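Visitor: These protein sequence lines are chains A and B, in that order.
FYI, the numbering for the first sequence is 91 to 705, going by our numbering.
FYI, the numbering for the second sequence is 858 to 962, going by our numbering.
Simulated from the structure, these hints should not be mistaken for lab results.
Among the hints, a few may not be true.
With the C-beta cut set under 8 Å, the calculated list includes, among others, these residues of chain B facing chain A [as the list claims (entries may be wrong)]: (1) Leu881; (2) Val884; (3) Met885; (4) Arg914; (5) Gln921; (6) Ile954; (7) Asp955.
This one's a predicted model, so the numbers in the text were calculated from it and none came from an experiment.
We put the beta carbon where it would ideally sit given N, CA and C, even for glycine.
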Amino acid sequence: MADFIYLIPLAPLVSFVVLFLTLGKMPKRLVTVTGVGSIAISASIVFLLGFEYLSQLDPQPYAVSLYTWMNLGGFTPKVSFYIDGLSLVMMFVITGVGLLIHIYSALFMFEDKDYSRFFSYMNLFVSAMLLLVLADNLMLLFVGWEGVGLCSYLLVGFWHEESANGAAARKAFIVTRVGDTFMALGMFLLFWHLGTLDIQPMVEQAGNTWQTGDSMATIACLLLVGGAVGKSAQLPLQTWLPDAMAGPTPVSALIHAATMVTAGVYLIARTHELFLLSPVALNVVALIGSITLLMAAFTAMTQTDIKRILAYSTISQIGYMFLALGVGAWSWGIFHLMTHAFFKALLFLGAGAVIYSLHHEHNIFKMGGLRTKLPVAFWSFMIGSAALAALPFTAGFYSKDGILLAAYHHGEFGPWFWGAGLLGALLTSIYSFRLVFVVFFGATKTQPEAPAGWGMAVPLIVLCFLAIIGGQFQLPVTSVFPAAAEMDHSGAIAYITPAVPIIGVLIAYLIFLRHSISITGWTESTLGKRLNRFWFSHWAMDWLYGHLFVKPYVSITRINKHDIVDWFYNFVAETTSFAHDISSTTQTGQLRTYAAVMVAGLVIIISIFLGVSLP
Amino acid sequence: MTEAVVIPMEHGLLLAAILFSIGLGGVMVRRNIILILMSLEIMLNACALAFVVAGARWAEADGQIMFMLVLTIAAAEVAVGLGLLLQVHRRFGTLDIDRANRMRG
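The task is simple: from the sequences and hints, build the whole structure.
Guide: Dropping the structure here:
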């Protein structure tokens, strides 16, 4: 299958070109066949490739080099793809979940007038994402990295007639670009010091060049983390993700939950040998992860928009992945990435089904009692929320449990990280079941239309299945990452960790379903109101950034409206123009005047020469 | 043998200068193109006279050679000048040079 690897990113790319160039003139059936079929081709090649790779006794990673991209002195990046356990897992997630979401979109977006444009962008996204995870060098990875950023921009602003969507798209693009700038700087630094950007030789060279704890290694790692936090919506660049929910729901499921936002996690995992040289950078990653997961969890509890709740929970879950990477539990982080892709895609698609049936209603307090009316969406949410809350025996349980245990056993700060993760887990189960209880139980507030058809139900059912059994998958990443330390699975910790989500569900049950604990007294108090507002605005980060960056920038641009630098050039141009006006008045067209002036000039010149030579 | 009457060089040059000034004045003052051309001829011939006088003073043939050259140039100039004159007349319907001032800045 190695000969067909180039087809994996190429098939969606070709489909993108076809759909883009036909400008929506193709019949919808044909668009569906092209858009979904290209992903199906990629997915089947990935699965065959994975089967071939994993059926070997001792699978060895290998690189497939297609051609030399450019040759600049000593710098010769190749277009070459690297196949190992990590890239295979990522490709499984991208093409597998991607295929399900494409099938779902075929029905979800069918009424949209820009059906073809939607599929062309989605295919371009899948192609770029596959390029990102397949790339053997950081240059090519960066191409995919920027490609998914572009597609995110295009798809968040997909319904561009509304200016708010355009603003959300710009915000997503600009904020991630801040991170990408750091990443580019990190790449320059790595190339400057190590002389190559091919990942495998690069990390080897890094091990030879830098001692563990070298400050240059720390700087390089922190710059890469800058790129990762931008793309993966972590502190301090997470503000774009909730607004990115302006895009169509399948986009949120594919890009802003399952794949693109986990690219930062992938980047750190891919260059983990580099990060092992810098314990400081790893601690920073863990710290960012744990703070972000708590901040986002508090915010998710106060939100009322169904998609924004899921967006904040995505930020929070990626925080767990960062925590896992930071404490060196690489394979647990990737494992959580995979299970999160399953259950979060499930939750988003379920939310899409609810929104679809309720005529684009997003407020959860206007929903209610949908349990019997939308059974497929209900069970999707039940299973998805159970996995999100990490209830025992769901996919999320195994991954989150692993992360928390690994965090506990990590050095002197371990218990603190564990505590933060545990509090986050409690909050996660409360907000996810708050969502379920408010939306699906209680009195019906909005009558839903007939539930969506099979085209949307089948992907949901498959994802339900994956969200349950996903925890049993054995990831082929043991050869990629250094072996994790033996963990002590006994003791109180091993019992507290899985018990906390169950307590959270009970609390949510008592508050939002039985109403036996009243929280109105708390939420109506002054402090409660303030805290609620504070959390609702996501710790006032948008306000802070607005005052720190946006407003000063806007006032500077207002001062510079007429471009201060231009003043100098305008002065030069105006002086020239003035001189021209003066000298052109001498051109009267009167031949006799010319002759007279010439004589006068001649007389003056001769007089000067005579005056100089005579005395 | 009668002695040749020698005209002093200063007289010849003075005549040439007067002729040149007359021509120059004509070019500056006249509006009719034909008269401007004629004034130019006078200026040319004034120059040629200066050459001849100078050639006679130093008994060199150069002055007369230069005279032949100026004569040729004057003939060529008249040919071109009359051609232009015809065109001006055809375009503007007049020989007044002040009316042909389309090239003003």
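Visitor: Evaluate each hint against the coordinates.
Guide: Evaluated hints:
1. With 8 Å as the threshold, the beta carbon of B:Leu881 comes within range of chain A, its nearest partner Cβ sitting at about 6 Å, so the hint holds.
2. About 5 Å separates the beta-carbon of B:Val884 from the nearest beta-carbon of chain A, less than 8 Å, and the hint is met.
3. At a threshold of 8 Å, the smallest CB-CB gap from B:Met885 to chain A is about 5 Å, leaving the interface hint in force.
4. A hinted interface residue such as B:Arg914 counts as satisfied when its beta carbon comes closer than 8 Å to some beta carbon of chain A; here the least separation is about 21 Å, so the hint is violated.
5. Annotation: B:Gln921 was flagged as interfacial toward chain A, and the flag is violated, the nearest CB pair being 27 Å apart, outside 8 Å.
6. For the restraint placing B:Ile954 at the interface with chain A, the shortest Cβ-Cβ distance is roughly 5 Å, inside the 8 Å limit, so the hint holds.
7. Satisfaction of the interface hint for B:Asp955 is found here, the shortest Cβ-Cβ separation to chain A being roughly 6 Å, below the 8 Å cut-off.
In summary, the structure is inconsistent with hints 4, 5 from the numbered list given earlier, while agreeing with the others.
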